[in-house]
Amino acid sequence: MLLRRSSSRCYNYRKKMHQGLDDYRIRNNRKFFRVTPEQAKSILEIAEVMGGKDVTPREDVVETPQDLEALQKARSIRQRFNFGMLDIEQGTILHFKKDNSITCEVYDETKVKFRNEVLSLSRSADILLQEMGFDWGGAVAGPRWWCLDGKTLSELRNEIES
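FYI, the numbering for the sequence shown is 4 to 165, going by our numbering.
Hints in this document: simulated from the structure, not taken from any laboratory.
Just so we're clear, the structure is a prediction, and the values are computed from it rather than from any experiment.
Treat the hints with care, since some could be wrong.
Claimed, not checked - With a cut-off of at most 20 Å between alpha-carbon atoms, the simulated EDC-like pairs for lysine to aspartate or glutamate come out as follows:
#1 19 <-> 48
#2 114 <-> 92
#3 19 <-> 66
#4 76 <-> 66
#5 76 <-> 164
To be verified - Quick list of simulated restraints, FRET-style, between CB atoms:
#6 26 <-> 47: 12 to 22 Å
#7 135 <-> 68: 36 to 46 Å
#8 154 <-> 35: 15 to 25 Å
From the three backbone atoms N, C-alpha and C, an ideal C-beta is built for every residue, glycine too.
Kindly produce the complete structure, drawing on both the sequences and the hints.
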């Protein structure tokens, strides 16, 4: 997402947006951020409401080979999530991101026990999100919705893979 620097107001919006996204920066000296599709959509909606104009290029724009490498690394397909990659043991309790009182228990390398049923992380998150009125009509990434020690499993994974 790019915002055109057509006014000082737009510059201030961009500056604040970059400050808010700083922890998700892929390279310190570039404007590449690792965010979820939901976060990106929300940011675009905020920019639109505030009078922003989408001037996103339709092809990659990079200045150096290192920039291209960082972009390709961010896009690369990663190994399917499993609890072993975070050293999370069977029996560990996870908390749902939108309601910390909702929990599940790690059952094996890829499944959790949720409401006395053995399910994938994604299926359990999808059930809860639909019950809460959210329906994206597509796949739900479970690690983005289940937390350990206050961080989503996706955030923990990104920390060790960075």
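Hints, one by one, checked against the model:
Annotation: proposed proximity of residue 19 to residue 48 holds, straight-line Cα distance about 15 Å (limit 20 Å). In summary, the hint linking residue 114 to residue 92 is supported, as the alpha carbons are separated by about 12 Å, within the 20 Å threshold. As the CA atoms of residue 19 and residue 66 are separated by approximately 24 Å, the hinted pair breaks the 20 Å bound. Restraint check: the Cα-Cα separation between residue 76 and residue 66 comes to about 16 Å, which is no more than 20 Å; the hinted pair holds.
Taking the CA atoms of residue 76 and residue 164, the gap is near 11 Å; set against the 20 Å cutoff, the hint holds. As the Cβ distance of residue 26 to residue 47 is approximately 19 Å, the hint placing it in 12 to 22 Å holds. Taken as a hint, the range 36 to 46 Å holds for the pair residue 135 and residue 68, whose Cβ atoms sit roughly 45 Å apart. In this structure the supplied range 15 to 25 Å holds for residue 154 paired with residue 35, their Cβ-Cβ distance being about 21 Å.
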